[in-house]
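Chemist: So the protein sequences, as listed, match chains C and L. 215 is the number that my numbering gives to position 215 of the first sequence; each next residue is one higher, with no gaps. Basically my numbering = 1-based index in the second sequence + 271.
It is worth saying that the hints were derived from the structure and are not from the lab.
The calculated lysine-lysine pairs, modelled on DSSO-like cross-linking and capped at a C-alpha distance of 27 angstroms, are:
1) L:484 <-> L:456
2) L:625 <-> L:586
3) C:22 <-> L:456
4) L:616 <-> L:484
5) C:22 <-> L:443
6) L:494 <-> L:616
7) C:170 <-> L:328
8) L:443 <-> L:456
9) C:261 <-> C:170
10) L:328 <-> C:261
11) L:494 <-> L:443
12) C:22 <-> L:450
13) L:340 <-> L:494
14) L:494 <-> L:484
15) L:484 <-> L:450
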Amino acid sequence: MTDLYGIYAFFRRDAVNVSSYKLNFVFSIISMFVWAFTMGALGTITQPAQARYMQAYGSMNAATFLIIGFMLNQFMQESQYAPQSIASPGNIERILLTPCSMPVFILGSMSWRYFWSGLNLLVFTFMGTTFFGLNILAVDWPTFAVVLLIGIMAMWGLGIMSSAIQLVTKQWNPVNWFLGTFSFLVSGVFYSPEALLTIDPTGMLYGLAWCLPQTYVYHMIRLTFVGKGILDMLYPLLTLSAMAAMLFCMGWLTFRLCMRKCQLEGSLGWV
Amino acid sequence: MIAALNKRHKLAASEPMDYPVEIEGLTKRFTTKRTLNEDDLGFAKLIKRLFRKIKGKETILAVNGVSFKIKDGELFGLLGPNGAGKTTLTKMLCTLLWPNAGTAQVNGHDIRSEPGQVRASVGTVLDVYMGWYGRLSCRQNLLFYAQLFGIRPPRVRRRISEVLELVGLTDKADDWQQKLSSGMKRKLDVARALLPDPPILLLDEPTIQLDPKSARDLRRTMKDELCRNQGKTILWTTHNMHEAEEICDRVTIMHRGGIVALGGPEEVKRFVSPNESIVLEVGRAPQVMLGELEALEGVISTSLTNLPSGQSEIKVQVRDGDLAPRIAQTAIRHGAEVHSMRVEKPTLEEAMIKLTEG
Numbered sequence: 001m002t003d004l005y006g007i008y009a010f011f012r013r014d015a016v017n018v019s020s021y022k023l024n025f026v027f028s029i030i031s032m033f034v035w036a037f038t039m040g041a042l043g044t045i046t047q048p049a050q051a052r053y054m055q056a057y058g059s060m061n062a063a064t065f066l067i068i069g070f071m072l073n074q075f076m077q078e079s080q081y082a083p084q085s086i087a088s089p090g091n092i093e094r095i096l097l098t099p100c101s102m103p104v105f106i107l108g109s110m111s112w113r114y115f116w117s118g119l120n121l122l123v124f125t126f127m128g129t130t131f132f133g134l135n136i137l138a139v140d141w142p143t144f145a146v147v148l149l150i151g152i153m154a155m156w157g158l159g160i161m162s163s164a165i166q167l168v169t170k171q172w173n174p175v176n177w178f179l180g181t182f183s184f185l186v187s188g189v190f191y192s193p194e195a196l197l198t199i200d201p202t203g204m205l206y207g208l209a210w211c212l213p214q215t216y217v218y219h220m221i222r223l224t225f226v227g228k229g230i231l232d233m234l235y236p237l238l239t240l241s242a243m244a245a246m247l248f249c250m251g252w253l254t255f256r257l258c259m260r261k262c263q264l265e266g267s268l269g270w271v
Numbered sequence: 272m273i274a275a276l277n278k279r280h281k282l283a284a285s286e287p288m289d290y291p292v293e294i295e296g297l298t299k300r301f302t303t304k305r306t307l308n309e310d311d312l313g314f315a316k317l318i319k320r321l322f323r324k325i326k327g328k329e330t331i332l333a334v335n336g337v338s339f340k341i342k343d344g345e346l347f348g349l350l351g352p353n354g355a356g357k358t359t360l361t362k363m364l365c366t367l368l369w370p371n372a373g374t375a376q377v378n379g380h381d382i383r384s385e386p387g388q389v390r391a392s393v394g395t396v397l398d399v400y401m402g403w404y405g406r407l408s409c410r411q412n413l414l415f416y417a418q419l420f421g422i423r424p425p426r427v428r429r430r431i432s433e434v435l436e437l438v439g440l441t442d443k444a445d446d447w448q449q450k451l452s453s454g455m456k457r458k459l460d461v462a463r464a465l466l467p468d469p470p471i472l473l474l475d476e477p478t479i480q481l482d483p484k485s486a487r488d489l490r491r492t493m494k495d496e497l498c499r500n501q502g503k504t505i506l507w508t509t510h511n512m513h514e515a516e517e518i519c520d521r522v523t524i525m526h527r528g529g530i531v532a533l534g535g536p537e538e539v540k541r542f543v544s545p546n547e548s549i550v551l552e553v554g555r556a557p558q559v560m561l562g563e564l565e566a567l568e569g570v571i572s573t574s575l576t577n578l579p580s581g582q583s584e585i586k587v588q589v590r591d592g593d594l595a596p597r598i599a600q601t602a603i604r605h606g607a608e609v610h611s612m613r614v615e616k617p618t619l620e621e622a623m624i625k626l627t628e629g
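Generate coordinates for the entire structure from the input sequences, incorporating the hints supplied.
Modeler: Here's what the structure looks like:
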């Protein structure tokens with residue numbers, strides 16, 4: 001209960017702060033609608049080219065494929081980048097001076113971003129349903145929730161690891177660089193990873209795609225949109241769970257180690 | 272978690288202890304990589320440096336085996352020149368920095384093994400304006416921190432109003448933080464430290480950027496209201512020696528990471544310069560008068576300086592300022608026109624400069 005009160009404090013702070021930029025706030029919401037429509041339009045236009053790589057998703061059309069990919073990408077990116085915001089020097093020193101626990105600090109710092117991503121998800125779902133044939137009645141929602149949660153856990157692991165490294169390096173971290181550089185290329189936001197085999201017959205990029213947790217998330221969530229449940233995706237789900245457990249533990253450990261290093265060398269407040 | 276810490280903190284706070292802050296041999300070393308020097312600033316060398324590791328590390332002993340205790344309800348001044356180690360020591364006490372050696376107990380909690388309890392016991396003012404959200408009002412900013420301190424709704428608004436009033440920001444409560452002047456932002460830093468009503472305050476230059484009146488008001492609030500009436504223990508870091516003389520019960524002077532003096536302000540001044548000086552500005556100063564002044568009991572030395580105005584200044588160093596009337600009588604007897612006379616007592620500023628020069 002107390003922890004929820006702490007998380008609410010962060011949420012309220014960010015909500016007040018963001019909504020104080022009124023024009024930006026309103027136009028960001030308008031942008032969600034425009035992006036959802038753009039993805040739907042792009043999918044419709046590229047339908048003939050995408051169709052042969054989308055056999056795993058049955059009757060799903062390319063517009064829906066892209067809308068799902070793009071809205072999930074928002075969730076995955078928030079999970080990856082949100083922990084980094086806690087590593088800003090002035091922020092972390094001030095929060096550390098309160099009795100707020102580290103999990104509350106991290107979750108609280110991310111709460112507004114998830115709320116915003118949730119709003120984004122609603123807008124994309126609405127646009128997809130209204131204009132591009134997305135069928136929300138076919139979705140296996142419990143499986144959807146499980147996959148999303150496990151995916152978020154995995155991305156948190158990476159995000160916490162990257163913010164930990166950035167506490168030490170201050171400006172750059174290899175995790176975000178890698179994900180930021182390769183994620184759109186291989187993980188299946190705009191096209192199925194199978195399409196990579198046409199441009200890279202060696203299969204290296206395809207193999208790389210299945211090393212990233214978000215590839216599993218995009219794949220399985222799309223399956224839930226054509227009515228598939230947990231039992232239909234047991235193998236990828238177990239793989240993603242293992243990845244999430246491993247990345248989360250590694251992230252947390254790295255964070256503790258890097259925090260200790262900064263406290264020892266006195267560089268917590270440096271930029 | 273927060274409630275548990277606060278509960279523990281209240282238990283600890285309810286049992287007054289003789290020394291809420293006890294520091295024993297606290298040491299902090301920083302190892303830093305060698306930075307670029309002037310010779311490295313050429314463009315070609317800078318490019319070369321991107322691909323080659325800068326060799327050499329430097330170890331700085333920021334705090335060197337510091338030990339002292341702060342009494343319950345005491346306003347304790349931590350003084351010293353820039354780079355003496357004051358902020359590093361404060362940061363170790365509030366658990367932002369880990370010491371390399373030594374221990375410290377804050378409100379009965381060890382800074383290494385019980386950092387959460389330490390944080391729940393202290394209010395800290397550190398670097399200027401850190402951790403604020405410009406487009407939140409002062410009240411909204413304080414509400415955020417109050418929630419993190421676990422202060423609950425029935426009390427939270429009242430507590431925010433109380434601290435805003437204490438620092439004199441009531442009329443700015445609903446203004447955006449970014450609209451405040453530098454001094455007001457500093458006051459908000461202090462208000463945040465006071466929010467959880469902690470038994471111990473660690474204040475690193477709290478009056479920096481305040482105008483003289485605001486600084487005086489804050490000093491009075493800290494000394495009279497928080498220290499005397501509420502019994503809080505305060506560690507006050509400052510460069511302003513007049514401020515330290517005015518409010519501190521005891522002071523310590525740090526230099527190059529170590530402590531060079533510790534005691535009441537008067538003790539520290541006497542330690543460095545036990546004597547006072549009586550300074551006379553005279554129109555004419557016969558040599559024989561100086562000899563007679565020097566022969567007076569309690570006079571240590573005399574010196575004569577010719578001023579640009581054509582007058583002379585006689586400085587008589589004495590063991591006791593009570594000698595002033597006798598010195599004046601001697602001067603008048605010798606026909607000296609005494610224009611002014613003053614007693615110069617040693618100041619904390621002189622003491623600090625003497626202790627830290629070289």
